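Protein chains: 2
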Amino acid sequence: MDFELKTVSEQSRARAGIISTAHGQIETPIFMPVGTGGSVKGIHTRDLKEDIEAQIILGNTYHLYLRPGIKVIEEAGGLHKFNMWNKPILTDSGGYQVFSLGDIRKLSEEGARFQSHIDGSYHLFTPENVIDIQRSIGADIVMAFDECPPGDADYAYAKESLELTKRWLHRCFQRFNTTMPIYGYDQSLFPIIQGGTYADLRKSATENAVGYDADGYAIGGLSVGEPEAVMYEMTEVVTERLPAEKPRYLMGVGTPVNILESIDRGVDMFDCVMPTRNGRNGMLFTSEGTINIRNKKWENDHSPIDAGGTSFADQYSKAYLRHLIISKEMLGAQIASQHNLAFYLWLVKEARKQIIGGTFAAWKKEMVQKLNQRL
Amino acid sequence: MDFELKTVSEQSRARAGIISTAHGQIETPIFMPVGTGGSVKGIHTRDLKEDIEAQIILGNTYHLYLRPGIKVIEEAGGLHKFNMWNKPILTDSGGYQVFSLGDIRKLSEEGARFQSHIDGSYHLFTPENVIDIQRSIGADIVMAFDECPPGDADYAYAKESLELTKRWLHRCFQRFNTTMPIYGYDQSLFPIIQGGTYADLRKSATENAVGYDADGYAIGGLSVGEPEAVMYEMTEVVTERLPAEKPRYLMGVGTPVNILESIDRGVDMFDCVMPTRNGRNGMLFTSEGTINIRNKKWENDHSPIDAGGTSFADQYSKAYLRHLIISKEMLGAQIASQHNLAFYLWLVKEARKQIIGGTFAAWKKEMVQKLNQRL
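As they're listed, the protein sequences go chains C and L. Last residue of the first sequence? That's 396 in the numbering used here, and every number before it is there in order. Last residue of the second sequence? That's 396 in the numbering used here, and every number before it is there in order.
Treat the hints as calculated values from the structure; they're not laboratory data. Note that the structure is predicted; figures quoted are calculated from it, not measured. One or more hints might be untrue.
No copy is singled out in the list; a pair is fine if it fits within one copy or between any two copies.
As the list claims (entries may be wrong) - Derived DMTMM-like pairs (lysine to aspartate or glutamate); straight-line CA-CA distance at most 25 Å: (1) K370 with E247; (2) K180 with E149; (3) K317 with D23; (4) K317 with D140; (5) K102 with E25; (6) K349 with E96; (7) K318 with E95; (8) K92 with E74; (9) K62 with D335; (10) K374 with E149; (11) K92 with D173; (12) K349 with D140; (13) K391 with E130; (14) K27 with D153; (15) K391 with D175; (16) K318 with E228.
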């Protein structure tokens, strides 16, 4: 994997670059649609490529390990073959999912023992086997196994948790560096920088991660309940300590405004379930603000969902989409998801243009105002 | 509306023709995807047109009247504008749906009083207002309001029900002939021929319907629980008494084999929820037989769903589709629905070719054998 930094904004930390992987290039800043169980909910692979113009999608180790299971993915020849997505894939390590299980997981130095949310069966994730599983899945970018403490973790908890995450990171790299890719192309391992809401822990985590000279770095444990200002502050504490020549990925973030603010603070990669999950509930993100399509005010609005939108789905009318969402017709969820993902991809593409053109700061300011409106 | 009969098979009643409507031509025999509430479940309008190559779709008066309501559809400028489907539409009258409501509907000479399945509110459908509603929806082909007796109705019930349906048909035509289309293009009213499983009632119903010199005729009240042989017998009793120069529509039928057998008996038009509903449950119809994709045997079958299929969705693998259906991922329902509809459309298109080529009988025999297989 290679990262070429093209432009750094003069007024901020915003950057434009190009990541090159075995499955093609990714122009940053980029948003990565989430395909947890091997599919982006409601979206055909073809539309993801040709209409939404996604450049990289996510998969999740935890979900794919449980279902369909690693054997099936290996027999398919890796996740790219399994889901027909021949562009870059990133897999999350499952750390976040396992720790979200709460009572049905138990932590030890060795790893995390947990019960499947599907059938209650027992499993153990360790830094080593999570790397092995991600070798089997075959993502271009794989994530280290970490502990993700809650957003309100106190200092002692966050510190202890971070120490464990550091030891696990070491084991991840040991395993990664002593194993080979299965499908003949390179994979890259990104550390996940934790540290809760404590600047000194975030600094320490960053210095530790940078020591591995990784292909890229992820910021984890944010957007998990802490105030937005704290999220931005922690993001900045990390990005200002990361090497400029490597991509930075802020995990699980966020709203369109969160994304612009984080780009402004030097982040290159994002993922979030928001465009699909909120879409299924009838929330649309547009360049003029958000729309709750369930509102009565759209009942007889026969104008397109987003007249200036880039997706074919933007041409359906608001009244029609409202009808579909209220009637719980599948197509409603499909249209809203397709629109929202296309909008997120448009947003980062436009941000990139503005960074390269030197107009990012002014554009961002104007966009944030519009994006904060409720239509 | 115009119907041109191109070919009648020499060995059977199978026919190939062309229906011309204000929204374009329909090559018969044809299968019409069901878009009950204004959308074909799981399918984008664009894919319905370009991938599945549907030529006409259905809407349902009962569902559309309740939601989004006639006012919204009128303000959109009719259903074609509302759902962006600019090809022909047929609306069922709601008779079947109202009678499916059971306890929450009450029948009288005037019409059917019923409670909404959505909010329990009271409504009255009469032959007159059902025509009015279908004027508002603006379908190219609208259906008469009828009573649909259960498949096991005794003779007395079926006879009494048919007499009511005949009186209602008269009122439907009176209303239809004294009202104008709202959106400036012609609409056609098809009578629905009832009579349960009783040949003499079916004959009487057919003679009565033909008296109206309608643009086409529908056969209703079949595939509602009676044996298949009876369904075919009743279909033939009707089709042999219908004028050759008008299209015949067998409502709510059926499996691919049902469709070929009914084409053989002179039917031109079909609709059924089976390709989408069974698809959502993981049942695939293919030219080699049916597949229950949930079966363990497909777990590691990485070959395409249907290597010879016409849809882009046929290129996903069986193992991937199985994973999606079992994981209840929306995309699974979308892929299976898309495949099944494309297959149904392929089937009737191929039947048409064979009828025109004079090879329908032999082809049908071979296809029925294959279609009856479980893979």
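Hints, one by one, checked against the model:
no.: 1; hint: K370 with E247; verdict: neither (28 Å within a copy, 59 Å between copies)
no.: 2; hint: K180 with E149; verdict: within (23 Å within a copy, 75 Å between copies)
no.: 3; hint: K317 with D23; verdict: neither (50 Å within a copy, 41 Å between copies)
no.: 4; hint: K317 with D140; verdict: between (41 Å within a copy, 17 Å between copies)
no.: 5; hint: K102 with E25; verdict: neither (28 Å within a copy, 48 Å between copies)
no.: 6; hint: K349 with E96; verdict: between (37 Å within a copy, 22 Å between copies)
no.: 7; hint: K318 with E95; verdict: between (50 Å within a copy, 17 Å between copies)
no.: 8; hint: K92 with E74; verdict: neither (30 Å within a copy, 37 Å between copies)
no.: 9; hint: K62 with D335; verdict: both (18 Å within a copy, 18 Å between copies)
no.: 10; hint: K374 with E149; verdict: neither (40 Å within a copy, 60 Å between copies)
no.: 11; hint: K92 with D173; verdict: neither (38 Å within a copy, 50 Å between copies)
no.: 12; hint: K349 with D140; verdict: between (28 Å within a copy, 15 Å between copies)
no.: 13; hint: K391 with E130; verdict: neither (47 Å within a copy, 58 Å between copies)
no.: 14; hint: K27 with D153; verdict: neither (34 Å within a copy, 64 Å between copies)
no.: 15; hint: K391 with D175; verdict: neither (36 Å within a copy, 66 Å between copies)
no.: 16; hint: K318 with E228; verdict: neither (52 Å within a copy, 50 Å between copies)
In this structure, the earlier hints numbered 1, 3, 5, 8, 10, 11, 13, 14, 15, 16 are contradicted, and the remaining ones agree with it.
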